[in-house]
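Going down the list, the protein sequences come from chains A and B. Quick note on my numbering: the first sequence kicks off at 4 and runs consecutively. Quick note on my numbering: the second sequence kicks off at 33 and runs consecutively.
In short, the hints are calculated from the structure, not lab data. Honestly, I wouldn't trust all of these hints.
Stated by the list, open to error - Subject to a maximum C-alpha distance of 20 angstroms in a straight line, what follows is the list of computed SDA-like cross-link-like pairs (lysine to any residue): (1) K23/A x M119/B; (2) K23/A x P100/B; (3) K23/A x S13/A; (4) K98/A x H118/A.
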Amino acid sequence: MCDTCGCGDSEIVPVDVHEKILAGNDRTAAHNREHFAERGVVAVNLMGSPGAGKTALLEATARRLAGRQRLGALAGDLATERDADRLRAAGITAKSITTGSACHLDADMVHRGLHRFPWREFEYLFIENVGNLVCPAIYDLGQAANVVALAVTEGEDKPLKYPVMFRKADLVLLTKIDLLPHLPDVHLETIADALGRVMPRPLYFPVSARTGEGMDRWLKWLETLRSVRRSSEATEPMPKRNVVIASS
Amino acid sequence: MHEYSIVQALLARVDTEARARRATAVHRLSVRIGELSGVEMDLLTTAYETFRERTICDRAELNLQLVPARWECPDCGGGIGRGEVLMCPSCAVPARLVQGDEIMLDRIEMEVP
């Protein structure tokens, strides 16, 4: 009510909010993170373009860890069960999160994905995000770490073209390096230089899911991530000072 | 196009605030978007125009402010130039993003009885 002249008109008032628009997602992500920490489950958000080799990487990871670690996966997929089928065939307990037209997973989809899924039994829960180098980077899911798969076939300039995604990465896996002999114009040093301009702590491992090259380093990193999680009560993403900076 | 889901979260937040104050209309929203937030201003505007219909924001202007990315050294405070390696050339420590990743609702101007 206007109380200047008593005319009865309504009044326009400014309300200061100063809140993140995705604060609701962040709250659900924090909730997921607490669940994972309580149960000692290391959740890894695996992102990358369609065809970057995310599923192949998880298949190769499962082959290496068979019988030693219990692995689970939530696979974000627009329309199919294909990735979850492949992961199950590789020995990973997997479930699809069918996103319909959504180009990313959010914390609530992951939370719902955990229902009727034996996630508490896993040492590692891989959340294979929807193939996309833009949208998934914006949503915290409650993961311990973000890993981005970048295939060498995607070209050297992708980090510079998609800085938001790479800035959020704790680790970049340069996949399909078995194809490098066929790609005379692609140089790992150039990709490394680009990563250094978008990631303040550039950490990357060249890997091939097909030949197994570089996989040991990736598995060692997963192990380190797990021991870091175990030794800290922190519910924040892992302290980056505890990982080794890779050379190319 | 995650801009649609961001607009839906924005409208839900505004609706909660407006109901709490029994607002009859919303006139303006002030939102800050960082250059490195991953949100495209044009797409956000399009999404807003699409979704605000028949909400309390039906006639509300969306005031968007783009925040440029700024990286600096956490030790000496020196700035890192655009496109440079994100490492302080003097202190050799990783740079820190001090602004530019905001997706922030700052202010709602609403009409209250």
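Are the Cα atoms of K23/A and P100/B separated by 20 angstroms or less?
Holds, because 17 angstroms separates the two Cα atoms, which is no more than 20 angstroms.
Is it true that the CA of K98/A sits at most 20 angstroms from the CA of H118/A?
Roughly 11 angstroms between the alpha carbons, so the hint for K98/A and H118/A holds.
Check whether the Cα positions of K23/A and M119/B lie no farther apart than 20 angstroms.
Status violated; Cα separation ~28 angstroms.
Holds or violated: K23/A and S13/A, Cα atoms, limit 20 angstroms.
violated (29 angstroms)
In summary, the structure is inconsistent with hints 1, 3 from the numbered list given earlier, while agreeing with the others.
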